[in-house]
Amino acid sequence: MEPEKEGRIVRYLDERIRLKALMSFLLNEPMPGGARWAYVFGSMVMFSLILQFLTGMMLAFYYGGTPDHAWDSVNYIDHLTYENIPVGRMIRGLHYWGASIMVILVGLHLLQVFLWGAYKRPREIMWLVGVLLLAMTMVAAFTGYLLPWDERAYWGTIVGTNMIGLIPIVGPVIKSAIRGGVGLGALTLSHFFTIHTMVLPTLFILFVGLHMVIFRRVGPAGPFGGDPLTLESQKEFFYPRQVLMDSLGMFGVFLLIAMLAIMVPPGLEAMANPSNGAYNPVPAWYFDWIFQLLKVIRPEILGVVGLPALIGMILIFLPFADRNPERSPLRRPFSVLATLFVLASMIVLSILAEKGYKKLVPLDRDAMARGKVVFDHSGCLGCHRLQDRGGRMGPDLSEEGLIGHPQHWLVTQFVNSKTNFPNSPMPNFTFLKPDQLHDLAQYVSSLGRAGWPDPTKEGNGEK
Amino acid sequence: MAQEVIFRMGIPVLDETRREIGRLEKLVFFETEKKITEIVIRELSCLRRIPVERIRSIETHELLLTGQVNPDEFPVFDPDQFEELPTWFFPSGYRIEVGSVVTLKPSDIRIFGETEAYTRREFMAKSTAVVATLIGISLVVPIGGYILAAVKTKVSDHWINLPMRLDQLPLDSPVTQTFSTVSVSGWMRVPIEKTVWLIRHSGDTDPDSVAADVSIGLDSALEKKFVDPRLTAFSPICPHLGCAPQWFRDQKQFICPCHHSVYEITGKVVSGPAPRPLDTFPVRIAPDGIISIIYEQFSIGIPKKVRLA
Chain Z
28 MEPEKEGRIV RYLDERIRLK ALMSFLLNEP MPGGARWAYV FGSMVMFSLI LQFLTGMMLA
88 FYYGGTPDHA WDSVNYIDHL TYENIPVGRM IRGLHYWGAS IMVILVGLHL LQVFLWGAYK
148 RPREIMWLVG VLLLAMTMVA AFTGYLLPWD ERAYWGTIVG TNMIGLIPIV GPVIKSAIRG
208 GVGLGALTLS HFFTIHTMVL PTLFILFVGL HMVIFRRVGP AGPFGGDPLT LESQKEFFYP
268 RQVLMDSLGM FGVFLLIAML AIMVPPGLEA MANPSNGAYN PVPAWYFDWI FQLLKVIRPE
328 ILGVVGLPAL IGMILIFLPF ADRNPERSPL RRPFSVLATL FVLASMIVLS ILAEKGYKKL
388 VPLDRDAMAR GKVVFDHSGC LGCHRLQDRG GRMGPDLSEE GLIGHPQHWL VTQFVNSKTN
448 FPNSPMPNFT FLKPDQLHDL AQYVSSLGRA GWPDPTKEGN GEK
Chain S
3 MAQEVIFRMG IPVLDETRRE IGRLEKLVFF ETEKKITEIV IRELSCLRRI PVERIRSIET
63 HELLLTGQVN PDEFPVFDPD QFEELPTWFF PSGYRIEVGS VVTLKPSDIR IFGETEAYTR
123 REFMAKSTAV VATLIGISLV VPIGGYILAA VKTKVSDHWI NLPMRLDQLP LDSPVTQTFS
183 TVSVSGWMRV PIEKTVWLIR HSGDTDPDSV AADVSIGLDS ALEKKFVDPR LTAFSPICPH
243 LGCAPQWFRD QKQFICPCHH SVYEITGKVV SGPAPRPLDT FPVRIAPDGI ISIIYEQFSI
303 GIPKKVRLA
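Sequences listed follow chains Z and S, in order.
The opening position of the first sequence corresponds to residue 28 in our numbering, with each subsequent residue numbered one higher.
The opening position of the second sequence corresponds to residue 3 in our numbering, with each subsequent residue numbered one higher.
The shape of chain Z in the complex, shown without the other chains (with noise of 0.2 Å):
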């Protein structure tokens, strides 16, 4: 379309593969309306995608998909380096992040394309195969859970799968079709990792593609008012103005997910042990709503398998059943303000979801080791339990840490634990001084927590 100096590798490939119309045909999609900044979800939505996919087989580089060794080599990943950057770390963090953000942009995505009402008439299959889209991402979500094989991984994953257990009549054979088994193991540790890096990518191209075609084939729905004419006079191509506006709205997202991967990396906690009933499963962060939805509504059936479905069935049927051409959000004001309502309902359960959890012990690594020179020298091994060492009188305290008594029950366990429990047989460590008491609270608060197997090491003691 421009006059340019075209190179020879240029005017090679156009004889060959006709190029130049290819390219014009990817680029220059008319836009009625103009290019808009509401435009760039849906791209920064496929970014997100492709830095998962890359991501993703980075991790599967070095990644052993069985319970063996999937903690070790998630571990092996964590303390990965490269002239002192944590490269192991930072891919991690990507992918782990970039999951957070991509279920966010779907969601985002999804709310544009509601407000300006291009889900209606002729874009019903678009909208539909979008909804098969978010679908996958949050079955993307639940399957890269489990996969570091941690306790958080193993118990949400317990308790996840339980719930697709109460589904009625087919509800048990699902669960343990996923699960491989009656319980969490081998199995379903390969279905899940066959699932999240084999099944899931091939549909996500096929479906993003078919989501692609379909875009082309109808074209874009552009602004939901203005007239024709004036639509038709301020059309734009994709390119430049849009592709630009999109590449801006992906380093947005970039940044993001990096700052975040760099800032909060994921962290491991301890390799998962089925035997640990004390651990208190909490799910990933999208999920809190449901997680607190589920504490009011009863029989926990509805909540469990109700509410999905209605969602599902609401996003399914909501083109079909809505069939006003109107596509201002100002001239439907019912259905745009009962999603509202609907998303300030969803952010507040997630708010109270997360207050309800139990906080872990913030650590002062100083502390910690301190007090694991108190913890050895207070004759503790000599009833309680940690990594295959000690008396079996008391507890295993290999990850006591992970339960998240607060500082202040810990220090009352030490100096007087019939408090907390009154046929304790647990001498009373009266002799302990304050700041030791602090010190071995601390070092208590770690176990099971970072840097396995000995939290006050920064490695994992093997080098």
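No lab work stands behind these hints: they were computed from the structure.
The structure presented is a predicted model; accordingly, all values stated were derived computationally and were not measured.
Virtual Cβ for every residue (Gly too), placed ideally from N, Cα, C.
Incorrect hints may have been included.
Unchecked claim - Distance condition first, Cα-Cα at most 30 Å in a straight line; then the derived DSS-like pairs of lysine-lysine: (1) Z:Lys262 with S:Lys28; (2) Z:Lys445 with Z:Lys460; (3) S:Lys254 with S:Lys226; (4) S:Lys128 with Z:Lys262; (5) S:Lys227 with S:Lys254; (6) Z:Lys147 with Z:Lys322.
To be verified - Residues from chain Z that keep clear of chain S, each with C-beta distances beyond 10 Å, as calculated: (7) His96; (8) Ile112; (9) Leu390; (10) Thr439.
Chain Z is fixed; fit chain S onto it per the hints.
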């Protein structure tokens, strides 16, 4: 040579008397001949098709026809009879001949406009490239480092205590000693068994106590630091192609069964294709006679003793 005219929609179409008949609306392209056969003009009431033979000249801002034209003579343009070609159908720079006078270059006036629009487009195209490059470069460090990290993993030198004391070894007679160790591969640790050749010497005075690779100076600083005149530890791996040489007591020689490299008791090559003497390991002997070694692996097939990471 045909004259090139950039074709614009909407220019007036005039007849000989310079009366405006209508405005240029479309071109009819005869695909099998790759030629434009008709032009479509918009007059007041409808669209009409006029054959290109009636065109006298094409200017950038107007189109002149021959003779006096009564638009009603020409057939009405029926959109159902024709297929609309999208702009991308014509590759950029593609030229279509009209008659033999001029070539037309199809172009959309909205893109092909003022030079100002070019610079804006170019600016946006370049900004997009910059943004994409920024993302790409930021990913190079973590991804490149991640892939290379496993390659750069350092070998740790850890001493292995052999289940053998110095005084239990026969004098001046090589024996193989098997020991168990742990092979670390990424995140996996596998217990394995390895062997080493041990030769006990009577002491400094024994000329055999200096191994050949020590005397010709192949050793690294680590290997030079840990030598003991009472003991030599040889790698079981032939430096030629990695087979396992055996000690033949009668000939007092190590002979590799694969390609017949023959070595003296000091590891010196007597004959055969081996590029360097047998490789020694660092050894350490505790006061109670416990032998410890560092098990190393070296590149095979080269004259230098290069440790593998």
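We went through each hint and held it up to the structure:
| no. | hint | verdict |
| --- | --- | --- |
| 1 | Z:Lys262 with S:Lys28 | holds, 20 Å |
| 2 | Z:Lys445 with Z:Lys460 | holds, 19 Å |
| 3 | S:Lys254 with S:Lys226 | holds, 26 Å |
| 4 | S:Lys128 with Z:Lys262 | holds, 22 Å |
| 5 | S:Lys227 with S:Lys254 | holds, 28 Å |
| 6 | Z:Lys147 with Z:Lys322 | violated, 36 Å |
| 7 | His96 | violated, 6 Å |
| 8 | Ile112 | violated, 6 Å |
| 9 | Leu390 | holds, 25 Å |
| 10 | Thr439 | holds, 40 Å |
Taken one by one, the earlier hints fail for this structure at numbers 6, 7 and 8, listed in ascending order.
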